[in-house]
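Going down the list, the sequences are from chains A and R. The numbering of the first sequence is this note's numbering, which starts it at 1 and goes up by one. The numbering of the second sequence is this note's numbering, which starts it at 1 and goes up by one.
Keep in mind that a hint or two might mislead.
[As the list claims (entries may be wrong)] From the structure, some residues in chain A lie toward chain R, with a derived Cβ separation under 7 Å:
id, residue
1, Phe-6
2, Met-7
3, Pro-36
4, His-37
5, Phe-61
6, Cys-62
7, Ala-64
8, Pro-77
9, Lys-85
[As the list claims (entries may be wrong)] Derived CB-CB ranges, DEER-like:
id, chain 1, residue 1, chain 2, residue 2, range
10, R, Ile-92, A, Asp-27, 27 to 33 Å
11, R, Ala-254, A, Ala-92, 19 to 25 Å
12, R, Ser-44, A, Asn-80, 48 to 54 Å
13, A, His-37, R, Asp-181, 17 to 23 Å
Hints in this document: simulated from the structure, not taken from any laboratory. Bear in mind that the values here come from a model prediction, so they are computed numbers and not experimental data. Glycine included, C-beta positions come from ideal geometry on N, C-alpha and C.
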Amino acid sequence: MSESTFMGVDREKIDWCPTIDYSKCNDCMDCVEFCPHQVFEVRDDENPKLIVKNPNNCVVFCRACSKTCGLDALSFPDKNETTRKIKATRKAEKEARKEAEE
Amino acid sequence: MRCVLPCNGLDKCAGFVSAQIAIELNKADDWELVCPVLLNQNQSPYEKVLSQGELLVIDGCNTRCASKLAQKLELKVKDKINVSDMAKALDIKLGKELVVSDATKKVQKAIVEKLTETDTKKEMTAFAMGEIDYDSFMEGKFVFKVPKQGFYFNENDCWVYVSGKTARIGVSDYVQQNLSDILYVDSPEIGDEVEQFDDCGSIESGKAVFEVIVPVSGTVVAVNEALQDSPEWINESPYEKGWLVELELTDDLAEDLEILHDSPSYLEHLKKKVAQEA
Numbered sequence: 001m002s003e004s005t006f007m008g009v010d011r012e013k014i015d016w017c018p019t020i021d022y023s024k025c026n027d028c029m030d031c032v033e034f035c036p037h038q039v040f041e042v043r044d045d046e047n048p049k050l051i052v053k054n055p056n057n058c059v060v061f062c063r064a065c066s067k068t069c070g071l072d073a074l075s076f077p078d079k080n081e082t083t084r085k086i087k088a089t090r091k092a093e094k095e096a097r098k099e100a101e102e
Numbered sequence: 001m002r003c004v005l006p007c008n009g010l011d012k013c014a015g016f017v018s019a020q021i022a023i024e025l026n027k028a029d030d031w032e033l034v035c036p037v038l039l040n041q042n043q044s045p046y047e048k049v050l051s052q053g054e055l056l057v058i059d060g061c062n063t064r065c066a067s068k069l070a071q072k073l074e075l076k077v078k079d080k081i082n083v084s085d086m087a088k089a090l091d092i093k094l095g096k097e098l099v100v101s102d103a104t105k106k107v108q109k110a111i112v113e114k115l116t117e118t119d120t121k122k123e124m125t126a127f128a129m130g131e132i133d134y135d136s137f138m139e140g141k142f143v144f145k146v147p148k149q150g151f152y153f154n155e156n157d158c159w160v161y162v163s164g165k166t167a168r169i170g171v172s173d174y175v176q177q178n179l180s181d182i183l184y185v186d187s188p189e190i191g192d193e194v195e196q197f198d199d200c201g202s203i204e205s206g207k208a209v210f211e212v213i214v215p216v217s218g219t220v221v222a223v224n225e226a227l228q229d230s231p232e233w234i235n236e237s238p239y240e241k242g243w244l245v246e247l248e249l250t251d252d253l254a255e256d257l258e259i260l261h262d263s264p265s266y267l268e269h270l271k272k273k274v275a276q277e278a
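This is chain A alone, in the form it adopts within the complex:
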């Protein structure tokens, strides 16, 4: 079983993973080598060669791979927006639980 929640929220509900700008990427694969969480996948004989295969493996708030990219081809969602959504989801779920108990 893989880790399925982050801060009490289903990982699948959290939008956090790198987006590859293929106009900048030169297939150097430094990001693949760097990321220990198998977020990326390299596909031989396919175009594009590099894809984000496992977005939910990406550690929420970690942007380290984008810093290894000399070409600045990796971007991430807005951190404050992600935090706001996590807080809102937690709140909504807490209230739902409360209601169910009553």
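Following the hints, put chain R in place on chain A, whose structure we already have.
Here is chain R on its own, set in the frame of chain A:
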């Protein structure tokens, strides 16, 4: 004796500048030059000077070839400079051409000044932490320690301990065990403002780079300078001697803490996490 490892990159100007800086340091002071090509081939000519733990790494761009070489060879790095980052901070555009220009001179000057300036970072706050009691659990052959109380954690495995208006930040025992021997700490600058869950420096081992994600918002008022010489303190004492930065709290602390784990809750979270990974 100090030594400097530039990337010497010839694919763009920033790499060329890294070499210029290394040459200038070598001329002006007692810095020994470390050639990245020779080092990659044979470490032995540099063994003596590298063993002194005074290695400066200069990367031209964010491909970080020199850093990666140092990491691959598991060299202990005292300090790092990135030419492109400095150029960006100065709002200077370095082109592709490998020539000395006003732009390269300005970046070079700023970096050399930064490297030779007297240490202004040594502002230490009087931080009271008291005696810490630990809980621990075992998974396989590893024992994981978590303080019994007083600490808060985010799920990026970074901790915060608050004393008055100051918060001390570090990484948990889990992080240091995952990374194994830590070789370099990249600290933020004093005065940097960070919001909850922003990155605030990183730590590196031969295995990986770990980005430090701050559990609370604040302004950096101190960094643990001792880690530049002794990064292994993070391995030996992640909650005490291996602390990373101190923040002066800015935001509403209660709101930040609300979405963090307290010590017992983090212990349970960590137990589940390592069991899943086993």
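request  = Please write out, lowest number first, the hints stated earlier that are contradicted by the structure.
outcome  = Checked against the structure, the hints that fail are numbers 4, 8 and 9, while the rest are satisfied.
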